[in-house]
Amino acid sequence: MRLELSSEFASVTVEVDRRGNGPRLRIENQQNRRVVYLDPLELASLTWLTHEHLGPFLDPSQTGWRNDDGGI
Amino acid sequence: MSTLAPADLITDDWRLHGSIYTSPEIFALERERIFRTSWLYVAHESEVREPGDYKTTYAGTQPVIVARGADDGEVRVLLNRCRHRGSIVCHDDAGSANYFRCPYHGWTYRNSGELRGITYDDAYPHLDRATLGLVRLPRVDSCAGFVFASFAPDGPGLDEYLGNARRYLELVARQGPEGIRLSAGAHKLRYRGNWKLQIENTIDNYHFGFVHRSFLEVLADRMGQPPPIVDNILHNPEWRTIDLGNGHSVHEFGDPETGNNQGQLGDLPFNLILFPNLCFVGAQVRHILPKAADRTEVRLYPMLHEGESEEMNARILRAHEGFYGPSGMGGADDIEVAFDRVTEGLQAIEEDWLQMSRGMHREQPGENGILIGHAADEVPQRAFYRRWRKLMAEAA
Chain A
1 MRLELSSEFA SVTVEVDRRG NGPRLRIENQ QNRRVVYLDP LELASLTWLT HEHLGPFLDP
61 SQTGWRNDDG GI
Chain B
1 MSTLAPADLI TDDWRLHGSI YTSPEIFALE RERIFRTSWL YVAHESEVRE PGDYKTTYAG
61 TQPVIVARGA DDGEVRVLLN RCRHRGSIVC HDDAGSANYF RCPYHGWTYR NSGELRGITY
121 DDAYPHLDRA TLGLVRLPRV DSCAGFVFAS FAPDGPGLDE YLGNARRYLE LVARQGPEGI
181 RLSAGAHKLR YRGNWKLQIE NTIDNYHFGF VHRSFLEVLA DRMGQPPPIV DNILHNPEWR
241 TIDLGNGHSV HEFGDPETGN NQGQLGDLPF NLILFPNLCF VGAQVRHILP KAADRTEVRL
301 YPMLHEGESE EMNARILRAH EGFYGPSGMG GADDIEVAFD RVTEGLQAIE EDWLQMSRGM
361 HREQPGENGI LIGHAADEVP QRAFYRRWRK LMAEAA
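Those protein sequences? They're chains A and B, same order as listed.
The working numbering applies: residue 1 is where the first sequence begins, and numbers increase by one.
The working numbering applies: residue 1 is where the second sequence begins, and numbers increase by one.
Misleading hints may appear alongside valid ones.
Unchecked claim - If you want the footprint, here are the derived chain A segments under chain B, 3+ residues with CB under 8 Å:
id, segment
1, 7-16
2, 42-52
Stated by the list, open to error - Partial selection, computed: residues in chain B whose CB lies under 8 Å from chain A:
id, residue
3, H91
4, D92
5, N98
6, Y99
7, R101
8, G106
9, T108
10, R116
11, Y120
12, D121
It should be emphasised that the hints constitute simulated quantities derived from the structure, not laboratory data.
All C-beta atoms in this analysis are idealised placements derived from N, C-alpha and C, irrespective of residue type, glycine included.
Here chain A stands alone, though its shape is the one from the complex (with noise of 0.2 Å):
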């Protein structure tokens, strides 16, 4: 199944993946087709997160986003 989450600041699609040996959350990034793939401990951590933790990500200049053409 695959889930589109959109709102006026992103677009992702989201789905599990089963081509490995166990399964995986695909989520791809429909503004520049980035992908990631995180398996089942990395979303479990992902649960201690709080939004302030991701800030890092959120920042534009510190992530691979300053390497995509087009800034997004």
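Starting from the known structure of chain A, fit chain B onto it as the hints suggest.
Showing chain B alone in chain A's frame:
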């Protein structure tokens, strides 16, 4: 424009100068002296229920974001203006986002306001980011689920500001078995006229039998006899207008807990005005947004009853739409006559005074400093303009 000082635009015998409605200079002064000093309605808590929820609206004349903190759940009111080059940061009416991103150059902010990041920031070696968050309004408070904010860091608290009006706001919040919610959203109307025309019209019973004649005729046709609303307005002693103080006013259709307007306009047993720009009418929250001396936007939010059946809430919506909706039988008449024709008439400035004295000789004092008048008297309008004149006359 008039050369009169603001305090002289309203006379002791209740004549109002037309420039109150037409002058850009008066409007500029209102922005400063009314909207930067008063408590301003911005949201109902049902609109930002979950952490990360936000809505866009206006605190008086200024665009704001009302956001519930992603991690702490606190409701904040932020100016909707990127600190870089001024674009609004949030465009949608409502959404859920723990971070915002400006559409212009991609600057990101936490939904509590702090600047989070700047795209290609090597061009800003010395920028003090800590000072460049979205600007927060210094005071935010709520009463019965209605959220207000103020640009004034000091001054009376919300309870004191609402005063005698607080009781009515609490009654509004208790309409449904478990309260109310604004989940139906809003419909918006814009007109080329002054914002105060909508305030005055909201609680003006005098016009009903004239502007809404066609609506009354439809009702009479359906019921087989004239509806009682006009007779009640003119003759029912339990229908009364009240100056609640601080610019607030109410029109009661009998007992404020059980009364009924008998006009198929929605179930609220009173019309309420909270100074300066929030009204409750029928089944709706009416938020009046001044844009310029001659431009106004009005947002009408039907109040649905929490804990009621879908059928009941559907009936509330249909009744609301029937009179106030874009194709309803009442709202369009108000826009045509009370806003458009009045604005046109006010261009005739050779004799530029209006009369707002109806029933002033029969205002009766009540408890807690209130003034009580007949249903079709201009008590609510005078309540509004007493406060307006006081604020406008104060030194900046």
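These are the hints, each one checked on the structure:
1. Interface restraint, the segment 7-16 of chain A with chain B: holds (4 residues with C-beta to C-beta distance below 8 Å; minimum three).
2. Under a criterion of three residues with beta carbons nearer than 8 Å to beta carbons of chain B, the stated coverage of the segment 42-52 of chain A is upheld, 3 such residues being counted.
3. A least Cβ separation of about 6 Å between H91 (chain B) and chain A falls short of the 8 Å threshold, and the interface hint therefore holds.
4. Checking D92 (chain B) against chain A: minimum C-beta separation of about 5 Å stays under 8 Å; hint holds.
5. With 8 Å as the threshold, the beta carbon of N98 (chain B) comes within range of chain A, its nearest partner Cβ sitting at about 4 Å, so the hint holds.
6. Nearest Cβ of chain A to the Cβ of Y99 (chain B): about 5 Å, under the 8 Å cut. The hint holds.
7. About 5 Å separates the beta-carbon of R101 (chain B) from the nearest beta-carbon of chain A, less than 8 Å, and the hint is met.
8. About 5 Å separates the beta-carbon of G106 (chain B) from the nearest beta-carbon of chain A, less than 8 Å, and the hint is met.
9. Interface restraint check for T108 (chain B): the shortest CB-CB distance to chain A comes to about 5 Å, inside 8 Å, so the restraint holds.
10. Contact between R116 (chain B) and chain A, as hinted, is supported at the beta carbon level, the nearest pair being about 5 Å apart and thus within 8 Å.
11. Proximity of Y120 (chain B) to chain A holds as hinted, the smallest CB-CB distance being about 6 Å (cut-off 8 Å).
12. The beta carbon of D121 (chain B) comes within 4 Å of a beta carbon in chain A, closer than 8 Å, and the hint placing it at the interface holds.
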